[in-house]
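Asks: Sequence:
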Amino acid sequence: MTFNEVNTKRRSIRDFTKQEVSTELINEILKDALEAPSSSNTQPLKVVVATGNTLKEIGKELTFKYNTSAKLAKKNIFAKLYSAYKHKLQPNKVYQTIQGKYFGIYQERRIKTAVGLYKVLGIKREDKKKRHEEMAKNFNFFGAPVAIWIYANPKMKYTALVDTGIFMQNLMLSATNKGLGTCPQGALNLWREPVDKHFSVPKGYELVCGLSLGYPSEAKVNSYRPEKISVEELLVIKK
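Heads up, the sequence shown is in the UniProt record's numbering, so the first residue is 1 and it goes up one at a time.
Think of the hints as simulated: they come from the structure by calculation, not from any bench. Please note that a few of the clues may not be correct.
To be verified - Heads up, simulated SDA-like pairs for lysine to any residue below, C-alpha to C-alpha not over 20 Å straight-line: (1) K46 with E193; (2) K197 with K101; (3) K129 with K46; (4) K31 with K129; (5) K9 with K129; (6) K119 with A136; (7) K101 with K88; (8) K119 with F199; (9) K88 with F64; (10) K137 with E20; (11) K46 with K220.
To be verified - Just the calculated beta-carbon pair ranges, DEER-fashion: (12) D196 with V120: 33 to 41 Å; (13) K178 with K128: 23 to 31 Å; (14) Q43 with E133: 14 to 22 Å; (15) L117 with G179: 19 to 27 Å; (16) G179 with K203: 19 to 27 Å; (17) T17 with K60: 14 to 22 Å; (18) E218 with K239: 33 to 41 Å.
From the three backbone atoms N, C-alpha and C, an ideal C-beta is built for every residue, glycine too.
Can you build the whole structure from these sequences, using the hints too?
Replies: Following this line, the structure appears as structure tokens:
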């Protein structure tokens, strides 16, 4: 595909086939991602790739944490504290730091995107059960056979986050070019303990984001493409 075809075809995939992705293909995609620039070529990143039974175990643990957390809203403060401690539900500290609150125009765009997605899925706004089930799919990676978590060295501060974003974009475009799909998921940064349990992440690296990877299914949800702002809206007016 041409760059324009790859760039416009890439979208967040929320339903994958069961077709496995070979280790060789995953490594090719990671190699392409490594061509991304980073601040002074510092490359302050580490990557976890999970597949097979390991991925299933991580997904099961993350889903349990999500469902347990959702039930806490109906409990009193003492029960909440006990459950949070017992099941290690405290969110990853980096998630709490970098996950900003939506406000103003950003909240409006967020809601518009969610409404569009739920419309494609046939989920009504008042159907909290269905919305919960849809959100929970983040933690079984939408059925993808591969999940990737990206860690960065926090000592590099702001530049590490910029480098992570550029690396992820390269990765997603490479996957698209090879006929695969991806879904970048802030939700996969909520709890790192289930991932760390299976992988020896170097000390000091913090989890920034995760994504699902696999072959897109023909599900209608994969046709959804949220509206982008125009170039005119993007550009700052000259004084």
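Asks: Go through the numbered hints given earlier and state which of them the structure violates, listing their numbers in rising order.
Replies: Violated hints: 2, 3, 4, 5, 7, 8, 11, 13, 14, 16, 18; rest satisfied.
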